[in-house]
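Heads up: the protein sequence lines correspond to chains A and B, in order.
In this text, residue positions in the first sequence follow the working numbering: the first is 1, and each later residue adds one.
In this text, residue positions in the second sequence follow the working numbering: the first is 163, and each later residue adds one.
It should be emphasised that the hints constitute simulated quantities derived from the structure, not laboratory data.
Incorrect hints may have been included.
Stated by the list, open to error - Cβ-Cβ distance ranges computed for the label pairs, FRET-style:
1) A/Ala93 - B/Leu258: 16 to 22 Å
2) B/Lys249 - A/Gln126: 44 to 50 Å
3) B/Gly250 - A/Ser144: 32 to 38 Å
4) B/Leu258 - A/Ile133: 40 to 46 Å
5) A/Ala96 - B/Val231: 27 to 33 Å
Even for Gly, the Cβ is constructed at its ideal location relative to N, Cα and C.
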Amino acid sequence: MVTAVFLVAAILAVVSAIVAVSHRDPVFNVLSLVVTFFCVAVNYALLGAHFLAAAQILVYAGAILVLFLFVIMLLGAPQTGGDEVKRPVQKSAGLALAAIVAVGGALLALTLKIAPAEAVPAANTQAIGRLLITTYGFAFELISVLLLAAMVGALVLVKRKH
Amino acid sequence: MAIPTAHFLILAALLFGVGAAGVLLRRSGIAILLGIELMLNAGNLALAAFSSQHGNLDGQVFVFFVMAVAAAEVAVGLAILVAIFRKGQSIDVDRLNILRW
Chain A
1 MVTAVFLVAA ILAVVSAIVA VSHRDPVFNV LSLVVTFFCV AVNYALLGAH FLAAAQILVY
61 AGAILVLFLF VIMLLGAPQT GGDEVKRPVQ KSAGLALAAI VAVGGALLAL TLKIAPAEAV
121 PAANTQAIGR LLITTYGFAF ELISVLLLAA MVGALVLVKR KH
Chain B
163 MAIPTAHFLI LAALLFGVGA AGVLLRRSGI AILLGIELML NAGNLALAAF SSQHGNLDGQ
223 VFVFFVMAVA AAEVAVGLAI LVAIFRKGQS IDVDRLNILR W
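Let's have the full structure, built from the sequences with the hints guiding it.
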């Protein structure tokens with residue numbers, strides 16, 4: 001049962017990821033990336049990381065991809081027609097490089113002798129919350145400063161000059 | 163755990179490869195940012211898999227930090243794209259040469 005859920009989620013994730021990077025319509029790219037991220041959230045849930053599964057859907061599907069959609073709508077027409085220069089050599093070289101990365105990583109994962117996983121505590125959201133405000137408290141505060149800086153930076157970048 | 167850790171790592175490698183292909187092959191700035199997001203997600207999945215493999219939660223906390231940094235990166239990246247679009251009416255990265263000379 002669990003294996004079936006994993007297989008469905010994994011296949012759906014890879015297929016929708018391929019659609020997300022290959023389709024010409026940017027809106028379609030973003031919407032199929034939503035499917036990929038949802039399948040990754042399913043994988044987090046299978047790994048026992050319930051907090052990450054919720055954060056994945058909230059942060060990625062709920063915030064980041066909506067931001068992408070806003071920008072696509074803001075920029076208007078799908079400006080994908082810039083295909084006047086074909087670059088077959090670069091294209092096949094890039095494709096080969098990406099394939100080497102994917103296949104090499106998969107083979108590495110297969111050849112690694114990984115011991116059977118240890119038992120994971122069933123509900124660990126509370127433990128993560130405690131880690132975030134004790135051991136990783138400084139990094140947590142630093143992340144909030146980084147987000148503030150990114151927000152101010154984005155506003156400065158899109159401000160119209162008078 | 164019913165599913166071996168290696169399965170999650172293989173899925174992460176495949177997603178990373180697809181994202182890398184998107185970054186390397188597409189010319190629209192938005193598609194490149196989407197490919198980067200996909201690669202970050204693949205890395206996150208591997209981190210979470212190793213975290214549950216070793217039975218400690220540090221990896222999951224790290225995934226949370228990566229998500230926050232990805233959100234900041236997307237906000238600034240999309241703002242840069244909007245600024246570039248206002249300057250040249252295009253986000254095709256082949257036409258971007260304003261930093262060249």
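Evaluated hints:
1. A/Ala93 - B/Leu258: 16 to 22 Å: Check passed, 20 Å falls within 16 to 22 Å.
2. B/Lys249 - A/Gln126: 44 to 50 Å: holds (49 Å)
3. B/Gly250 - A/Ser144: 32 to 38 Å: About 35 Å separates the Cβ atoms of B/Gly250 and A/Ser144, which means 32 to 38 Å holds.
4. B/Leu258 - A/Ile133: 40 to 46 Å: Holds, at about 43 Å.
5. A/Ala96 - B/Val231: 27 to 33 Å: Once the Cβ atoms are compared, 30 Å apart, the range 27 to 33 Å for B/Val231 and A/Ala96 holds.
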